[in-house]
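**Student:** Please put together the full structure from these sequences, using the hints given.
So the protein lines, in turn, are chains A and B.
Just so we're aligned, residue 1 is where the first sequence starts under UniProt numbering, counting upward by one.
Just so we're aligned, residue 1 is where the second sequence starts under UniProt numbering, counting upward by one.
Do not take every clue at face value.
[What the hints assert, rightly or not] Anything over 12 Å on all C-beta distances counts as not near chain B; from chain A, calculated:
#1 Thr88
#2 Tyr359
#3 Val460
[Said to hold, decoys possible] Derived SDA-like pairs: lysine to any residue, alpha-carbon spacing no greater than 20 Å straight-line:
#4 Lys291/A with Asp464/A
#5 Lys134/A with Gly40/B
#6 Lys146/A with Thr305/B
By construction, these hints were calculated from the structure, which means they are not laboratory data.
Just so it is clear, the structure is predicted and the values come from calculations on it, not from any experiment.
C-beta: ideal position from N, C-alpha, C; glycine also.
Residue-level listing of the chains:
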Amino acid sequence: MSHPPLRRLVMALACLLLLAGLAACGTRDGASADPAAAAGPPVAGGILRAVTEGDPRLDPHLGTLGTDHYVLYPLYDRLVEFNPEDLTAVPGLASKWEYTTPSTLVLTLNQGVTFHDGTPFDAEAVKFNIERAKNEEKSSVKADLKSIDSVEVVDASTVQLNLNRPDTALPLVFSDRAGMMVSPTAVQNGTNLDDNPVGTGPFQFVSRVPGESLEYERYPAYWRPGPHLDGIKITLLDDSRTATNALVSGQQDFIMQLDVADKARVDSSDAARVVVGPSLAVARCTFRFEKGPFSDVRIREAVNYGIDRDAINKVNTQGLGEPANAAVPSSHWAYPGAAAQVYTHDVAKAKQLVTEAGYPNGLTIQTVVVTSQDDRSMVEAMQAQLAEAGITLNVTVLDAAEAQPAFRERGEFDMFCIGWSGRPDPYQTYAALYPSASPYVVDFAEPAELQADLAETVAVSDLDQRKAAFAKLQDLVTRQNALDFHVIFRPTVQAMSNKVGGYEQNIYGKPIINNVWLAK
Amino acid sequence: MVTALRRKVVSVLLTLLFASAMVFLITYLVPGDPAVVVAGEQATPEQIALVRSELGLDDPIVEQYGRFMWGVLHGDLGTSLFTREPVVDIVARTLPRTMELVVAGLVVAIAAGIPLGIAAAMRARTATDGVIRAVSTAGLAIPNFWFGLILVSIFALEWAVLPATGFVSVFDDPVEGLAHQVLPALAIGLTAMAAIARQTRSAMIEVLSADFVRTQRAMGVPGRAIVWQHALKNASIPVVTIIGLDISRLIGGAVVVETVFGISGLGGALVSATTQRDFPVVQGVILVVVFLVVIVNLLIDVLYTWLDPRIQGV
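**Tutor:** Next comes the structure, spelled out in structure tokens:
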């Protein structure tokens, strides 16, 4: 009895498995495309297919995810924008701003701007937005707007903000969520902005499938020279590897945030390229100050001396990130220079501090880290390095939903490692991370000078003076008190088809795709 | 038969009730507070408390479960804590994709598994049998997500003949639908194929050595007819059992394979709901999956009596 079809099937399956093995071992030559040469001059038209992660909320004042911004920027213009290279403030919906007194900020608005529903964008709209962002019970930007006492409409294109203290962080605060302008008409009509967002941005909302995709189309009445694209289709994919496959095979055009691990796969493709740059997103750990080993400043210093940030950066980000010793990376306007270079890798010093603090035989630190692969492998590297200084890290991995209540409410663990995505104005970061009232510290007695030093950073507008004030504040939190345990700034990595042109990366690390184009 | 079926339905209902209670308790006992996630990283304790009471998470658990079951009985599985989309809508949107994928995987598994099993049985202890057994052992051992990745790198990235990600229903567009489903179906169906091939092989070896087969051979019944018409039906009970188990396994496998292929199915919904602690979605989706598995088992039982009238148990 013979059954040739069966035999063929067997052979085919065997071949498939063999092929599978071969493909797993195979490599391709890593010819990387030249980003500058890609895509040529601007081209009008086309739908950009972009991939992002998370399930974003589209109400800018209520959402909380750091990844929301990627899909908010096309919909909502901001009062103020930022220079992508150093994050200094530049005009947005507000053409200029001026502090007429240290506690009075006057914004002059661009005219002829309309929301997607036709509502004019004017001083009344700004007043409505700021009051909403400040007073809405579940607003996630309340804290950023605390200094604003009242908003006065001077005329249709002028708004005056009366502050309860000098606050020169506001312009950059307005380059973030708090400055994203939503249509007052839509809100007053009870429209849920998460389902039906209405802004003044270059793209207007078309549709959304929760957890799956978003569709935007070009807003024809946009007040600036319009976007090149006809529309954007955003697919939500949490798996970077799957997103990479879609890009490399031509199913997608743009990946908003690529895992560093997938960079090589895009590099080896002829059809796509990677753009890498620094970002404000910092991998860091926060201490339990009130009890346990970290109540002693010497132990906080010891861990800071004990880790080799350069080595972690090389291993963890393929050297694409930056060792972190301050709240902002070196390309930022407020980078505090010398104040950021206090803790260099010094095992002997770390050991000595541990001994002086009363642990001649070393000590064990209960550490909790969130489930992100990047954070976990960073903590593993720290574990090995700190062991040399006699510090044992006992590591527990929990997801953020569990780690936060465990550390903050139930008093478990000595150290909590979770990333901080950064904020446009460094004041926002310092004010969020260090005061006793911060949700990021527990029962913490802040240094006496902290509030005064913080206030100094927002008392003046001049960037050089602000930079000096930040350097002083950084010295207080780092050198004097070792409140910080920053490790590395993560790189921001976007991957895109070689057809995509005009993309400009920014050091906030959150991609803005409003002005890209698609070559035919 | 009718009494037996009625008894079976009652036991199905009890199973579902028990499963709903377990699912509810597990999500309740899992550490992690959805209110913390919903409120976001910079939330104050007051904001978290507000969210908690709005979501009804501070009510007694019995009350929460009662509310949940009352809703289930009225066809309401609750609402996502994050997107506020009704869970019924999420299931209605994602379940058809997962089911299509599971069916495609099952087709692959049966279409390849049964012939392979028969081929191995007919050439037991020959080189062909060895190869088939090696393939099916490998099939059982290879994780389906890894196989999926390999398939994508060969067929989508290297040869660019099939799409790497996404899903199109064959009912919407047969050509695109097939193109999109071939790789996920192979990935998800591999383990089931291997299990079916092994089960078919051992059952067939036993049947082929039975007296009635020898008698048929002696009477000159053609080999092909013996195998496909007589032996296979007699060998089918254990094969059907393994297929029933495989359906449950395929639904489980879909969770992972959907991620690899970027398919927004039930699995993807479950994974993201779990990491976000979106309890109503987790509870609703699991309840639907339990329901499916129980129904499949019921159908398999019914199928037994059709295959072998001697089985009256139903």
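**Student:** Could you work out which of the previously given hints the structure breaks and list their numbers from low to high?
**Tutor:** Violated: hints 4, 6.
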